[in-house]
Amino acid sequence: MALNGLSVSLFTSLFQTVEHGFPHQPSSLAFDPRLQIMAIGTKSGAVKIYGAPGVEFTGLHKDTAAVTQIQFLPAQVSWGMMHYLFTSRVTVLLLLGSCDLLCVGTEGGGVHFLDLPRLSLRENQSLLQDQVIQSLPDDYRCGKSLGPVESLQEHPQQPGVILIGYSRGLVVLWDLSTRHVDHVFLGKQQLESLVWERSGKSFVSSHNDGGYSVWAVTSGNPYTQQPVSSTIPYGPFPCKAISKILLRTTVSGAPMLLYSGGMPRASYGDRHCLTVQQDKEHVTLDFTSRVIDFFTIHSVDPTRPPPPEFDEPSAVVVLLDEELVVVDLHTPGWPTLPTPYLAPLHSSAITCSCHVSSVPPKLWDRVLQAGRAQRQAPWPICGGKNLAPSAKQQELLLTGHEDGTVRFWDASGVALTPIYKLSTAGVFHTDCDPADDPQGPDDDPDDRREEEDEWPPFRKVGCFDPYSDDPRLGIQKITLCKYSNKLVVAGTAGQVLILALSDERSDHQVEVSVVDLLQDREGFTWKGHGRLDPRARPGPFPPGFQPQLLVQCMPPASVTAVTLHAEWHLVAFGTSHGFGLFDYQRRSAVLARCTLHPNDSLAMEGPLSRVKSLKKSLRQSFRRIRKSRVSGKKRPVQEANAALAEQEDVAPVQRRIEPRSADDSLSGVVRCLCFADTFLRDGTHHGPTLWAGTNSGSVYAYALEVPGVGSGVEALLGKEIQLMHRAPVVWICVLDGRGRPLPEPYEASRDLAAAPDMSTAHSVLIASEEQLKVFSLPKVSAKTKFKLTAHEGCRVRRVALVALSSAVQEDYSEHTLVCLTNLGDMHLFNVPALRPQVRYDCIRKEDISGIASCVFTKTGQGEEELIVLISCYERTQGEEEDDGPTAQPRANGTHKNQTDQAEGRTHKHTHALLLLPFHPRPSKL
Numbered sequence: 001m002a003l004n005g006l007s008v009s010l011f012t013s014l015f016q017t018v019e020h021g022f023p024h025q026p027s028s029l030a031f032d033p034r035l036q037i038m039a040i041g042t043k044s045g046a047v048k049i050y051g052a053p054g055v056e057f058t059g060l061h062k063d064t065a066a067v068t069q070i071q072f073l074p075a076q077v078s079w080g081m082m083h084y085l086f087t088s089r090v091t092v093l094l095l096l097g098s099c100d101l102l103c104v105g106t107e108g109g110g111v112h113f114l115d116l117p118r119l120s121l122r123e124n125q126s127l128l129q130d131q132v133i134q135s136l137p138d139d140y141r142c143g144k145s146l147g148p149v150e151s152l153q154e155h156p157q158q159p160g161v162i163l164i165g166y167s168r169g170l171v172v173l174w175d176l177s178t179r180h181v182d183h184v185f186l187g188k189q190q191l192e193s194l195v196w197e198r199s200g201k202s203f204v205s206s207h208n209d210g211g212y213s214v215w216a217v218t219s220g221n222p223y224t225q226q227p228v229s230s231t232i233p234y235g236p237f238p239c240k241a242i243s244k245i246l247l248r249t250t251v252s253g254a255p256m257l258l259y260s261g262g263m264p265r266a267s268y269g270d271r272h273c274l275t276v277q278q279d280k281e282h283v284t285l286d287f288t289s290r291v292i293d294f295f296t297i298h299s300v301d302p303t304r305p306p307p308p309e310f311d312e313p314s315a316v317v318v319l320l321d322e323e324l325v326v327v328d329l330h331t332p333g334w335p336t337l338p339t340p341y342l343a344p345l346h347s348s349a350i351t352c353s354c355h356v357s358s359v360p361p362k363l364w365d366r367v368l369q370a371g372r373a374q375r376q377a378p379w380p381i382c383g384g385k386n387l388a389p390s391a392k393q394q395e396l397l398l399t400g401h402e403d404g405t406v407r408f409w410d411a412s413g414v415a416l417t418p419i420y421k422l423s424t425a426g427v428f429h430t431d432c433d434p435a436d437d438p439q440g441p442d443d444d445p446d447d448r449r450e451e452e453d454e455w456p457p458f459r460k461v462g463c464f465d466p467y468s469d470d471p472r473l474g475i476q477k478i479t480l481c482k483y484s485n486k487l488v489v490a491g492t493a494g495q496v497l498i499l500a501l502s503d504e505r506s507d508h509q510v511e512v513s514v515v516d517l518l519q520d521r522e523g524f525t526w527k528g529h530g531r532l533d534p535r536a537r538p539g540p541f542p543p544g545f546q547p548q549l550l551v552q553c554m555p556p557a558s559v560t561a562v563t564l565h566a567e568w569h570l571v572a573f574g575t576s577h578g579f580g581l582f583d584y585q586r587r588s589a590v591l592a593r594c595t596l597h598p599n600d601s602l603a604m605e606g607p608l609s610r611v612k613s614l615k616k617s618l619r620q621s622f623r624r625i626r627k628s629r630v631s632g633k634k635r636p637v638q639e640a641n642a643a644l645a646e647q648e649d650v651a652p653v654q655r656r657i658e659p660r661s662a663d664d665s666l667s668g669v670v671r672c673l674c675f676a677d678t679f680l681r682d683g684t685h686h687g688p689t690l691w692a693g694t695n696s697g698s699v700y701a702y703a704l705e706v707p708g709v710g711s712g713v714e715a716l717l718g719k720e721i722q723l724m725h726r727a728p729v730v731w732i733c734v735l736d737g738r739g740r741p742l743p744e745p746y747e748a749s750r751d752l753a754a755a756p757d758m759s760t761a762h763s764v765l766i767a768s769e770e771q772l773k774v775f776s777l778p779k780v781s782a783k784t785k786f787k788l789t790a791h792e793g794c795r796v797r798r799v800a801l802v803a804l805s806s807a808v809q810e811d812y813s814e815h816t817l818v819c820l821t822n823l824g825d826m827h828l829f830n831v832p833a834l835r836p837q838v839r840y841d842c843i844r845k846e847d848i849s850g851i852a853s854c855v856f857t858k859t860g861q862g863e864e865e866l867i868v869l870i871s872c873y874e875r876t877q878g879e880e881e882d883d884g885p886t887a888q889p890r891a892n893g894t895h896k897n898q899t900d901q902a903e904g905r906t907h908k909h910t911h912a913l914l915l916l917p918f919h920p921r922p923s924k925l
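Those letters in the sequence shown? Residues 1 to 925, by UniProt numbering.
You may find that some hints are simply not true.
[Stated by the list, open to error] No farther apart than 27 Å at their CA atoms in a straight line, the calculated lysine-lysine pairs in the DSS-like style are these:
1. K779 to K719
2. K779 to K845
3. K385 to K460
4. K144 to K188
5. K845 to K783
6. K773 to K787
7. K240 to K43
8. K144 to K43
9. K385 to K421
10. K421 to K460
[Stated by the list, open to error] Restraint-style ranges between C-beta atoms, simulated for each label pair:
11. A753 to K527: 28 to 38 Å
12. K527 to S267: 56 to 66 Å
13. P707 to C382: 30 to 40 Å
14. D365 to P598: 50 to 60 Å
15. A66 to A753: 29 to 39 Å
16. Q277 to P308: 19 to 29 Å
To be clear, the hints were calculated from the coordinates, so they are not data collected in a lab. We put the CB at the ideal spot given by N, CA and C, even for glycine.
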């Protein structure tokens, strides 16, 4: 029994569940070597736990307070948060090896001891500065305070013996059992951190002058005046502080030294670095954001355990402000490892996205295989086990970035996992590689020698790079055919790349075809950026998606729309000047249509010449206002009364919508493209068609002749529709005789979907910014419409048809029209009647970038996500805003409940990915 429209009760459980991405403002880091899990604390009070890929947990303090220190209790897997308040700020924590005592260093210079797990203070056990000062020589006291406690380190061979370092430079060896100072190291340089050598015979201290010192722990004299050695590695000029240092012993004999900071102030004071030294190997890892903390992971291979007297580090994990970087210390050259979680979505600005549902297993396996080739070593953090059931179907999320990369993400489950990265920069000669001539000469050996002799020996690591060297590489549109393995990527400089999936490495030259969208129209001169020059020599392309053809639009304006029909071997693309149709099998252009208006001068200036145009538009606006006032004074009373009577005819629930001028700038921008096999010429013969919608409310429908092998494709203009108010057309979809969208290419021919109804008349659904309207085909007469702007006072930003399945009857589903408005609310309509079903407040209306980058998925059944939103909140250090009862953003698999939503606080994120699922209730049939 069919449902007569979806019931509102099906949609009562739409809420935000997961937010992916790198945590906002991380503040602390910890690692448990036994459980092999890592913890990250943030300034908003969140504590996030990560283990093996898929193992993620999150805890959140009730109050917004920065997490500055984290300590794991070894072999403890319970989860909870307890608090103990100190009068002085906590600067450092140390958990003793016995796991029953926590040492707390404070800003006031005291060291306190808490019993675990109750966090009860041991009475009369605290070590205060006065007790330490009494053990110092008279010439060292000088009436100065020792400063805050900067470091606490337990002796590796003698439990209960603690090394205490004070900011002034003093280091004290304190025996907890006897409550006595065993040794005093009289350092004179401000202290930053301490680390023991594994045998306990020496330790290393780092200082604010950019140097580090090695101290010997000997018996006899209780005072040590000078260290064994002191080194300023990047001296002799003033250097920044070494904030943390680690010393690790290795089987090879030479110890490994790792420290953050220490750069020369004048030359590289703005660099964020971590140095790794071992014997003659010396590398300065150069990051693009601040180093917060780091730790090393020792080998945990049970078949090859290291000797007990050696640390033998296998990797170093570095937490930065904007990303997590892991460096493999076992592989020669110390390469970085791709992260399976905590991926910074904002590593390069996200410019577009595409969601692919129900990915065929063969395509999924080939993409995974291409991604594995980019990841050589296994992930070193392997604690826990992911017990989540495998996904019923595979989901892909593709994100395009400003640096010309396309990243593939596994969006099948709760975790969002990066699986493959495609770069399009290798096709072009760009501004970011000026030494690489388009003809491809070899690099100058002298340049390579200068790089090798550079000091410090910098090496750029990490993927966070918010600034693009050549913004023309930016990806604007992506479309993927999951049945033919064809990928189309369009960019900022008018480039349209057609790529095919290959399992083998290839060295070939990409073919280039140029399509002139102006068609030699006179009076138009492009003033924007130039096109990207393709490389003249064959280039190497690794396994994965490899470029086969480059279609270059001229003028090289940003591509605003693209669509692919792999079964017909056609790709259509649009810019601010018009749209084109290309047959990539025969390598020939089929159609080029210019959509420019004679007054569309702004379309010729490009994105970098908008200031003059803004001033011009402001002048024109003031002139129109002045003209309307003057004409209003001169208008006769009869005309005014007639206008008033006309206004009274408007329904009280609707707003009057003024038609837009045909002279508006950028009216020729192509907003959407659509292929369909439908009735355009008459009601008895159907065939391939191409539909295009523009910014001025124009819709062009072309009938296509797609013959067999031998002859080329032809395109003839069949219909041209002009919307009354000239509102921009944002979406076009052709519906079959049953009111359902047509299947995707290959779905009907391969019996992967039900064949469309060709026995009754089709219709076309056109969504503009102001209204939704259904036209009958082939006469193109209006059947029904819904004036969203007139009724709701909002404008349409994103539209999609979503198939919603019944929770009671698994084989029953209905298509629902979902649209997101500029106010951030989501409206659902049934089709083709366009009756409103339900409305949701989905996104804050202030989040303009989040609304503009919304992507709807094709299905919304059960636990599947309905909407994938990549939000681009502005990043502001230390800024918070209270949104009252709105949802609290969470990262990396954080589940939410209704209580959290009612008392949450919202923090601004750089890039986040939200999954909002539908949980349909059983409906009465």
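Each hint tested on the structure:
no.: 1; hint: K779 to K719; in the structure: 9 Å, holds
no.: 2; hint: K779 to K845; in the structure: 39 Å, violated
no.: 3; hint: K385 to K460; in the structure: 33 Å, violated
no.: 4; hint: K144 to K188; in the structure: 12 Å, holds
no.: 5; hint: K845 to K783; in the structure: 32 Å, violated
no.: 6; hint: K773 to K787; in the structure: 8 Å, holds
no.: 7; hint: K240 to K43; in the structure: 25 Å, holds
no.: 8; hint: K144 to K43; in the structure: 33 Å, violated
no.: 9; hint: K385 to K421; in the structure: 26 Å, holds
no.: 10; hint: K421 to K460; in the structure: 19 Å, holds
no.: 11; hint: A753 to K527: 28 to 38 Å; in the structure: 47 Å, violated
no.: 12; hint: K527 to S267: 56 to 66 Å; in the structure: 40 Å, violated
no.: 13; hint: P707 to C382: 30 to 40 Å; in the structure: 57 Å, violated
no.: 14; hint: D365 to P598: 50 to 60 Å; in the structure: 53 Å, holds
no.: 15; hint: A66 to A753: 29 to 39 Å; in the structure: 52 Å, violated
no.: 16; hint: Q277 to P308: 19 to 29 Å; in the structure: 24 Å, holds
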